[in-house]
Amino acid sequence: MLTSKRNQGNVDPENVSHGTAMLKKRRKMTSEQAQYAGKHGKADLHMHSTYSDGCATIEEILEHVQNNTDLDVIAITDHDVIEGALRAREIWSQGSYRFDFVVGEEVTTTEGHLLGLYLEKKIPSGFSMERSIDMIHDQGGLAVVAHPLHRFFRHSCQRPVMDRIHASKDVWLDGVETWNASFCGIYANYIAMGTNREVYRLPELGNSDAHTLSAIGSGVTWFEGKSALEVRAAVENAASAPGGKMWDMQAYYHWVRYIMDKEQREARRPAIA
Numbered sequence: 001m002l003t004s005k006r007n008q009g010n011v012d013p014e015n016v017s018h019g020t021a022m023l024k025k026r027r028k029m030t031s032e033q034a035q036y037a038g039k040h041g042k043a044d045l046h047m048h049s050t051y052s053d054g055c056a057t058i059e060e061i062l063e064h065v066q067n068n069t070d071l072d073v074i075a076i077t078d079h080d081v082i083e084g085a086l087r088a089r090e091i092w093s094q095g096s097y098r099f100d101f102v103v104g105e106e107v108t109t110t111e112g113h114l115l116g117l118y119l120e121k122k123i124p125s126g127f128s129m130e131r132s133i134d135m136i137h138d139q140g141g142l143a144v145v146a147h148p149l150h151r152f153f154r155h156s157c158q159r160p161v162m163d164r165i166h167a168s169k170d171v172w173l174d175g176v177e178t179w180n181a182s183f184c185g186i187y188a189n190y191i192a193m194g195t196n197r198e199v200y201r202l203p204e205l206g207n208s209d210a211h212t213l214s215a216i217g218s219g220v221t222w223f224e225g226k227s228a229l230e231v232r233a234a235v236e237n238a239a240s241a242p243g244g245k246m247w248d249m250q251a252y253y254h255w256v257r258y259i260m261d262k263e264q265r266e267a268r269r270p271a272i273a
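Residue 182 in the working numbering is what sits at position 182 of the sequence shown, and the numbering runs on without skipping anything.
Calculated directly from the structure, the hints in this document are not laboratory data.
Glycine included, C-beta positions come from ideal geometry on N, C-alpha and C.
Just to be clear, a hint being listed does not mean it is correct.
Label-pair restraints from in silico Cβ distances [claimed, not checked]:
#	residue 1	residue 2	range
1	Ser31	Gln139	28 to 36 Å
2	Ser96	Arg159	27 to 35 Å
3	Pro160	His137	39 to 47 Å
4	Ser52	Tyr97	31 to 39 Å
5	Glu263	Arg151	23 to 31 Å
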């Protein structure tokens, strides 16, 4: 694992993120560049279902990805719960889906959101970034910081925390989400890409952070291969690259309307004595 600090001594630090070496400082990878580089696989490893604050059920997400996208790998990463992702994997394993699946979770740490990928058990919320990373690694999972360096978003990991982890000899991030297609990535994506390529040189991912069906696949991680194991290998070998676009207005409309309708339903619910 090139991103592990246990092994980084054998890696030229100037080439750690060779997955983005052909890109300019603040540019995501286009589909044409991905094809040229041999990165034919497309993964979206950050999305939400009704198990947290997403609009779509597990079944709807799987059907949508199958019939309306060209994604090769997805992960469901609900906020601080893993039951939906485990249920999705169960349904996926019993079907004949053309895409691969990863169990994930978006963990709320005391210092920002963190994606845990390739998990089997829930990571508890409310711990420091370092402790949360360690708990992910204890399961053999990958720890990827989500939508970092957004100055005004309270769940975005900030520069002092990133610097602290970067300087640590005992804890490490496996990757950084430098393209987040939601409002969390507005302006912050370019800061994340530029800062990572100048300072941290972590493997980069692009994800949708979808809360609606229409947003799924808006952000992607380009990689060589088609499977969940191959996208993992791409991240571990710093060969992944971020790509995609931002949410369109339809995604925002559907999500806001869903949240408002949900709040109204809860407000009308009789109080329990």
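A quick look at each hint next to the structure:
With their beta carbons about 33 Å apart, Ser31 and Gln139 fall inside the hinted range of 28 to 36 Å. Between Ser96 and Arg159 the beta carbon distance is about 46 Å. The supplied range of 27 to 35 Å is therefore violated. Distance hint check for Pro160 and His137: the Cβ-Cβ separation is about 22 Å, which falls outside the suggested range of 39 to 47 Å. Between Ser52 and Tyr97 the beta carbon distance is about 22 Å. The supplied range of 31 to 39 Å is therefore violated.
The beta-carbon spacing between Glu263 and Arg151, approximately 28 Å, falls within the hinted interval of 23 to 31 Å.
Consistency with the previously given hints fails for numbers 2, 3, 4, ordered from lowest to highest.
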